[in-house]
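Given the structure of chain A, go ahead and fit chain B onto it with the hints provided.
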Amino acid sequence: MELFRDTHIDFMKYRKIWIGISLALVLAGLYAIFGPHRLNLGIDFAGGTQVTVGFRQQPDLDRLRHVAEREGMGAAVIQRYGKVSDNQVIIKTAATHKGEDTSRTRIVAALNREFNPGKTGLDLNQTGADALGAFLVANDPDLVVAKDPAGAPAHYSAMADAILKARHDSGLFRSLDGLAHIPGVTPAAAAALQQKAYLGNFNVLGVESVGPQIGGELRHQGFLAVVMSLLGMLAYIWFRFELRFGIGAVMASLHDVVVTLLFFWAFGLEFNLTTIAAFLTLIGYSMNDTVVIFDRMRENMRKSRRKPLIEVMNDSINQTLSRTIMTSGLTFLSVLSLLILGGDVLRGFAFVMTVGIIVGTYSSIYVASPFALLWESLFGVGGRWGKKAATVPGRGGAAVNERAESRIDRTGSGSGSGTAPRPAPRPARRRA
Amino acid sequence: MNRNLLWRGLLILAVAVACFALAYPPKDKINLGLDLQGGMHLVLQVHTEDAVRVETDTDMARLIDLGKDKGAPNLKGRRTGDSQFTITAPTPEARDAASDLVSKYLPRWKVKRQGDDLVFTMTDQAVAEVRTGAVNQAKQTIDNRINQYGVTEPVIQATTGDRIVVQLPGIDDSERVRKLIQSTAFLEFRIVRAPKGGGGVPNRDELIKSLGGTIPDDVEIMDGDQRDRETQAVTGKTYYAVEKRRTVTGRDLSNARPGQGQFNQPIVEFTLKPAGADAFAELTGKNVGAGLAIVLDGRVVSAPVIHSRIADRGQIEGGFTEQSAQDLSTVLRSGALPASITYLEERTVGPSLGRDSIRNGLEAGILGTLLVVITMLLYYHLSGMNAVMALVLNILILFGGMGAFHSTLTLPGIAGVILTIGMAVDANVLVFERIREEMRAGRTVRSAIDMGFERAFTSIIDTHVTTLISALFLFQFGTGPIKGFAVTLTIGLIASIFTAVFVSRWLFDLVLSRRRVQRLSI
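If you're matching them up, the sequences are chains A and B in order.
In terms of the working numbering, the first sequence is numbered consecutively and its last residue is 432.
In terms of the working numbering, the second sequence is numbered consecutively and its last residue is 522.
Rather than coming from a laboratory, the hints here were simulated on the basis of the structure.
Source: prediction; values computed, not measured.
Among these hints, one or two may not hold up.
Now the in silico label distances, taken between C-beta atoms and shown as ranges [to be verified]:
| id | chain 1 | residue 1 | chain 2 | residue 2 | range |
| --- | --- | --- | --- | --- | --- |
| 1 | B | 461 | A | 181 | 39 to 45 Å |
| 2 | B | 129 | A | 378 | 56 to 62 Å |
| 3 | B | 136 | A | 378 | 58 to 64 Å |
| 4 | B | 129 | A | 175 | 55 to 61 Å |
| 5 | A | 268 | B | 17 | 45 to 51 Å |
| 6 | A | 224 | B | 116 | 51 to 57 Å |
| 7 | A | 13 | B | 454 | 31 to 37 Å |
| 8 | A | 181 | B | 152 | 42 to 48 Å |
The calculated lysine-lysine pairs, modelled on DSSO-like cross-linking and capped at a C-alpha distance of 27 Å, are [stated by the list, open to error]:
| id | chain 1 | residue 1 | chain 2 | residue 2 |
| --- | --- | --- | --- | --- |
| 9 | B | 237 | B | 209 |
| 10 | A | 13 | A | 307 |
| 11 | A | 119 | B | 237 |
| 12 | B | 68 | B | 237 |
| 13 | B | 104 | B | 70 |
| 14 | B | 196 | B | 237 |
| 15 | B | 76 | B | 110 |
| 16 | B | 68 | A | 165 |
| 17 | B | 286 | B | 209 |
| 18 | B | 70 | B | 110 |
| 19 | B | 110 | A | 165 |
| 20 | B | 27 | A | 165 |
| 21 | B | 76 | B | 237 |
| 22 | B | 179 | A | 119 |
| 23 | B | 244 | B | 209 |
Facing chain A, from chain B, some residues (calculated, C-beta under 8 Å) [as the list claims (entries may be wrong)]:
| id | residue |
| --- | --- |
| 24 | 136 |
| 25 | 174 |
| 26 | 430 |
| 27 | 462 |
| 28 | 474 |
Each residue gets a CB set at the ideal place from its N, CA and C atoms; glycine is no exception.
Just chain A, same shape as in the assembly (with noise of 0.2 Å):
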């Protein structure tokens, strides 16, 4: 199977279309991060406390949001997490200057004083290990005290620590009737469990505290990465390339970051840490069809130096289309997998890598090219604002052949051809 095999697409036609439309969605793009409806930042970078709850039984939404009210947290978000089967929701409040424990006591008080109502004693399902070997002990359904004082804690501890083996693989208990079943528990204890204690109708599974000052920090430090990670292509490009093709693939990534950023702005999805990261990779990634494309065009221009170099681009583009294709193709299969199974925690980095992914093959091809050429024609010999064309044809004719702009081409021989001697310009290839 090949598809691609022998294209001839004229992607330098439409350009400018392309070019227009790259440039309305950064326009957009930018208006997502910097305008009036922001980014739905997490609280790594914002600030805050964020609790993750699971519950024996669906909770409403509207109820919980209710009880937020009430206790004075009414800016709180809550979005349900995970499978909608493990009932599980996060609760999100803002940083607040009291200090993050505070915010986590808060919302577990609201929530016993609602899901639990009045009951007093231990919640099986809130209990720690020590609390719940130190009620065992004092209960002493199996009568060891007696017999074996010394013995008895570390009996009743290792009990206690079955007990909360069994209720990690979920998170809480559902109902006491497994109680008994469980490796290690005595059929007293579980009898003494049930009488005595009772299954609170939820449980923290997770806690994420972070203080305006980190917050601050991790801001600082995000945008710096992002910031010198673009910087470092730029040199390594430039270093493998030439400037021009430096530029336009910073250009490109910079486009795709901010594209991408748009799309996730519009899907309202959260930006944090793993997000950052996301994009950070994606501006690596992005680049390596850029450099296929460049690569390939750097071979042509050696092969051919009287071409223009529109011309060049048009058919490095085709020749390599099926490589640029088929490796963003197969990254693209692995983390639409992960979009597709990951998983919450890392929703909003598969979604970045795999938008991005569609972004960053489309401005390889239609953004990278056109921007080299047009830094071409403004800073690059014999352009606008460049140097003059030299005196000796320099780089194999690539002097003249940079002026490529169908604007100059019609002019003839162009403004910066200078006075010295050069060969008579072969027959103008007018282009088609």
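Frame of chain A, contents of chain B only:
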């Protein structure tokens, strides 16, 4: 098989075996991050200003004491900054004497005259020393407390900015751990001036009235919880007027243990070190009949009556549960924190969430691998098989590398593995496409393969380097789980250069060495 082929094959085999040994069994060799195995990650800020202030207070008190015997009596001092205090002397001679005393006995202070007063400022070096000392002591104290709690492989490290990072795998009762760490546990024994006869009064104003309307200079009002005797539930506040003088504090404790009181309620029993025991004996001996306030972190836990001189042991009781008695004993044993601590960041992942993450990661990985393998086989036929084998080796080297560096696998790290799978075959694609091109141009199979690898090499290097640059910055700027991602991506990419160029080539050479091949299945 020619020799070159043989040696290369053996090298590949050696690498494969080494990596297998490094990564097997995975349970022992690969660390799971806290986000996969469950646990707590905390970043604490040590407020070293507290420690500096304590030093300032102590030195100021010392100077005033010294002045009494050495020619500068009746000095009055007040603290005017974290590391600064001002002394007012009654006479110019006393002032000069005070100045001299400082240079002799308190060398870490600089003195400046301001009008008639003397302003003392701690040297920068001394301040820095106090701060570092406070952080180290805090780290040690937390270490002690955690160790007593019993965590496997805790990580407690001091980092820049007077911070401490704590990582506790496998903990799910984060509330309790936090209380354990954060309690400053400053214990003091103070004599109760009023009310007489032990206990406290529920009304603050009444208390002040009983002192004669104003609070004397050497007394301060403290409060404690009022509890129902049977249920031990808190029902309100009680107030005590206690002497400011503190002679015996938590530093004098030699041990503290949970125990049972008269009515079988949980209590904390303590014993004192010899020096402390003497001071305690003197204190209690002189104040028989008065109340002894046991003050913890500035609040009165209880104030029993002193019946007789107590030497070296005692009890603290007041609404403890077994768990809180246990925790308090732990905290008292491990020493007091030298400064207050606030939480800057906490990330706690319960084990059920960790398991979900592992499951999701595995499922995505399997699906991704399947899709990639099927695509390669469909598009490149038997050469696709070549790429698949290189991929398998790539993953093996990736895990071997992680085992070798003892890196931690986090959830983003799993994403890194999946990404590596997608990117590793990219290098193969670059080579195969080139080979196809060369064959179309008319080359023989042998030379097409050679040219394919040769020409594609620079592209492979370039594409890998650009992504590696990103990974480098991610490692530099990222936190724990992100660092894990950067690590897997980096190792995976480097491994992929090896497998795509060296291993893939060898596989082609192997096939070609068997028989003359006219057509290549690619």
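Hints violated by the structure (numbers, ascending) = 1, 8, 12, 16, 19, 21 and 24
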